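Next come the chains, spelled out residue by residue.
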Amino acid sequence: MRYQPVIGLEIHAELLTDSKVFCTCQNEFGGSENTRVCPRCSGLPGTLPLLNQGAVRLAAKAGFATDCVVHNYSAFDRKNYFYPDLPKAYQITQFEHPICTDGHITVTGGKDIRINRIHIEEDAGKLVHDDYEGISMADYNRCGVPLIEIVTEPDFRSVEEVQDFVEQIALRLKYAGVCDARMEQGSMRVDVNISIMPVGSTEFGTRAELKNLNSLKAIGRAIEYEINRQAEILDNGGTVVQETRRYNDNHGDTKALRSKEEAHDYRYFPEPDIPPVLLSDADMAEIKASMPEMPQTRFARYTKEYGLPEEDSRLIISNKEFSDFYDEAVKVNPDYKQISNIMLVELMRHLNESEKAVSDLLFSPADLAELVKMSTDSVVSRNAAKDILKIMFDSGKKPMDIAKENGFIMDNDASGMDDIVSKVLSENADSMESYRNGNEKVFGFLMGQVVRAAGKGANPKLIKDLLTEKLK
Amino acid sequence: MALKKLRDMLDKKEISAVELTEQYLDKIEKADKSINSYITVCAEGALEDAKKAQEKIDAGSANAFTGIPISVKDNICTMNVKTTCASKMLEDFVPPYDATVMEKLKKSNIVMLGKTNMDEFAMGGSSQTSYFGGVKNPYDLSRVTGGSSGGAAASVAGGLCAAALGSDTGGSVRQPASFCGVTGLKPTYGAVSRWGLIAFASSLDQIGVIAKSAEDTGYLLNGIYGYDANDATSSKKSEGGYTSLIGSDISGIKIGVPKEFFGDGLNDEVKQAVLSAAEYYKKLGCELVEVSLPSLEYAVSAYYLISSAEAASNLSRFDGIKYGTRSGLGDDYNDLIKNSRREGFGNEVKRRIMLGNYALCSGYYDAYYKNATRIRTQIRSEYKEIFEKCSLLLTPTAPTTAYKIGEQENDPVKMYLADIYTVTVNIAGLPAISTTCGYDKNGMPIGMSLIGKPFDEKTVISVCDRFERDFDKREAAL
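Read top to bottom, the protein sequences are chains A and B.
Just so you know, this note's numbering puts 129 at position 129 of the first sequence, and the rest follows in order with no gaps.
This note's numbering runs 472 ahead of the 1-based position in the second sequence.
Think of the hints as simulated: they come from the structure by calculation, not from any bench.
The structure displayed is predicted, hence computed values, not measured ones.
It cannot be assumed that every hint is accurate.
[Claimed, not checked] Which residues of chain A face chain B? A partial, calculated answer using Cβ under 8 Å: (1) Pro87; (2) Lys126; (3) Asp265.
Beta carbons are placed, not taken as given, at the ideal position from N, Cα and C, and that holds for glycine.
The shape of chain B in the complex, shown without the other chains:
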């Protein structure tokens, strides 16, 4: 149900916040054993949140989020609630503070149902690398959800929350949204504070929203965006009002179709679905413009070098000295650090740390890290040029639809290459949304992405919303 509709029902007392929360908790209880979208379910806390929310509603002082039950990705710090990053390393880590996004939403008495499963430390595109077990796709339990915000996407698709907070470093909100048939919005870098988001790659990470519709993503973004003195990279440029353009005439809008995004490696069914969406926009009076992002072929390499380098440094603090998993093995602190990290991290995390440290080593720095930052500069300037010709880009979100669990997660290079259509958005710091634009022969959702100019989430959301209105969406059969 749309957040706006839920709000209406709560305000008109057609349902109480407690009843609504109970409904979601019941559903989690029943369905999540098979989906595994939550690492921690906060049944008690959620009901308490709901009670307080209801008091506020009864007092007539409710706002947009009062009593709305959401899920939160387990790399977003929540005070007094375990925040594990789906890692053994942080199995028992309880933050003594809230992420800024949580602080904002809690002020409105939002209801937090629990913390969602993900790839360990948000590294991966399948949500199968979690220490707490993989997440299953509500459309087909034998298939992956995508990742890393797989738990967030599945919790929305399975009806186990009204909306979800995720995070997106190279596609981690958009790609699982695409695989799970829901809508995922990655805001402009700096639009949402990263304070309390456990860092994977600081220059690329951004908290995003997964929901049932573009309108819902904008609705929730209204509650979390904004400059935050605690995050020096957050921006004062965001203006809010993210749903304000919804319903406005989109004819005449120029939509770029970058040819490199439709080349080799793109599944034909996905290609056809995205191209039909382009035709739909054309019929509505939008102008399709062929554009080019020549550096796309280097994007995956640049992304993995930069993100792994930053990750290697960001994850160095997990040494077993202060918090987190501490190994019982070893005679001195060098051994203690080594063994704690050996035991606490999974293989994919270790792989990225090794890759990142290699890229930063003296002697390799220029060839890898430095060159990757040159490509970053190049991609940014290519996007700048593109946005002189159009307001938005239309691309596939991923080369394929959700694949079978066990099919390709063990082939890292294949996994990395599948990020090709999402990583440039993070590299350039742009806003982008993914929504469902079709279903493949197995009935799995196909995702398309709209990429916007910096801080122009409004246009992205409204153009996406226009498509969703006419699209015949199929709910997951749970």
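Bound-form chain A, shown alone:
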């Protein structure tokens, strides 16, 4: 039988706050075990949580970035379960009154994926198992790291829709400064709920929850594997069990972690130590106003207003800093296409080769805009512009200074050039002869000779015109 997958996502994203969500420990990645721990986040008796308002702000931003309703009133609850990496034995989360609900993102094919809710919660620590010694150790550095959980409706019907959604949400969170969305580091973690049903059916099957998906590729492979696994069960007359399964990237398969029967009863109830979170309309307006332009808006601007190809637009916006740099440059010189070209080809290559980020650049967007203008105004040649960019990249010097120092300024003096061309031709009479006999390849050689004689500032177009004229 042919089956249709039905997929929903639960995405955990670590918030880019300076400190943890309920204490003042630093919120960072890595470092030695238990170095970012205090009485509060290690759950010592008598301590109380202290809500980081920065986390509330970022969660609201996540809501605005995904067209959610951001609520004036939200509240925290306790999710109770025992595990050694959870020092209070409950996680503070938002269960009954999440901060954001009812959002959506449009994916490829123009389909809307509904977002059920976004809520704030704290992360747990980590257990480190030493099988040799037969012991487990707890590292509480991650305890209390602020998270949002984004829960979608089961609206996805294909891997492509899922991947597009995940890519878009990662980009929007990055743009909004909510999360750095590094799946491989775990700062954004995607859990996939997936069931299958016969094509044409409207009744959902029993779902499995897939965990440990560390890349877009892993998400794709895990979903494909799971569709086949569930299809095989149904084709053989079996029934799919509701369970949590762990994806193994080395084997490309999923293995059962725990069944529904083993699932916890979390005994949720309102967190009595934290008063409800109240955001006034003024707070909301202020947060909204602080939101940068979102990538989807930028995409529309680049393609519709600037006339850039979709692929180029997508490439530029895929890195916010890069896109910001582009926007600053076109403000100075609205040559959308040329600036896009030099950035996507030349600048991108230098960045990749040197493994540098846009923030490492030694020159400003205005410098780049000027360089492009120098090229289009024939102050320097196109090739010279490329050389100048490399020098800007390495030294941070101004393009005009570089051009002057290195003789890149094009010499547009036709009479002077006329003499040089005549001189080169007289010195290469055999080549001229050869060209006139139909060997057109020689033209390039003669071009090169003139350029060498004229220096870096030679205007190639002028040379070409003069040579063509004289070789007639």
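Keeping the supplied structure of chain A fixed, place chain B upon it in accordance with the hints.
Chain B in isolation, oriented as in the chain A frame:
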């Protein structure tokens, strides 16, 4: 001796802070073997505190609390001093920080004599569930002190400190104060920071004061109240000046007498004593108003559901992984957690944890926890209505006086029902004070309570003080 008088003596150098502390330590040494009001006596620390206090007094920079020797309930965290909650679970727990109340008082160089005994994790009304043995009533050593702040009340009644810090979740300051013939004040929820108070039921817990008089409770409350950024539930509404209305004319004040508090189950001697106190106020020109709190009959159930649910969650952190009792039994961490909790907690604590988890289970949540919160809302609105008709309520503190040790602590339901007159105050977050208003045929103190409007501790204290001035108090014969 009144705190004000002690202050005067210290300032006039009639006694030094060290001498005063030594006197209390001597008395503890002699009497506490039989009372068992302290779990930890900080003899050395107290003398050191006293020395520093004296230096401050000598330098003329003393304030209200400098050199005053107090006791602190053992669920209030004290830096570098064991804080056990009277539980095997925290037998050796030494907090690396002070509760906010301690931080405030230490700044004034108060003297901490030691940590007082209590019901384990403040769960109980007898102070007999302590892992360190029960507390005995200074008025009659064969009787209970009430609880859970039984050690605090007994330390005040027995003269083993000048005043005491306790905590009150459902009556734990007022009821032992009533049983031990002293005065206990439970402030408005949010008036005093809970930072450092080891949580029993977070939405009900409040640090309170037990002392020899209403005036003394106000005196000490002045040193511990106030908003604290470390406790998000603490309030900015408190204004302090808790003794400022003492001595003012109380005639014309309307005192509500809620009829449900005088019904079945109330011991007749207690009833008569509280009603005579009402008559006393009437004679002074107060107006007695009959009021009604119809939801009282559901209050005990609601209280036990909410407090046990929160307790079950609050006490989950005691798993033997990070601190506290760790069982040597078991092969994996599930066993480790189970066995540590089995060994570390006493029966009453286990009973509340089971009750609380049951109330929160999916499938029972609506019937128990959710309904209990509805009753909480109802009780709050009934109190609001009542306070439109009067400024204060007068009620008995407990249905009985202190009973014989072993008489009823083993009947949990009977024990729970005895909380009926105190729990609504916590449910509604109100301030209330208990003071002695008579003695029963065995000579045991009878307690009455005055319940006030939110953040109106001042009125509660001054109206209570007025009664105490004319009341013929009998000291415990130790």
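Hint check:
Interface restraint check for Pro87 (chain A): the shortest CB-CB distance to chain B comes to about 6 Å, inside 8 Å, so the restraint holds. Because the beta carbon of Lys126 (chain A) sits about 14 Å from the nearest beta carbon in chain B, more than 8 Å, this interface hint is broken. With a least beta-carbon distance of about 5 Å to chain B, the hint placing Asp265 (chain A) at the interface is held under the 8 Å criterion.
When the structure is compared with the earlier hints, a violation turns up for hint 2 alone.
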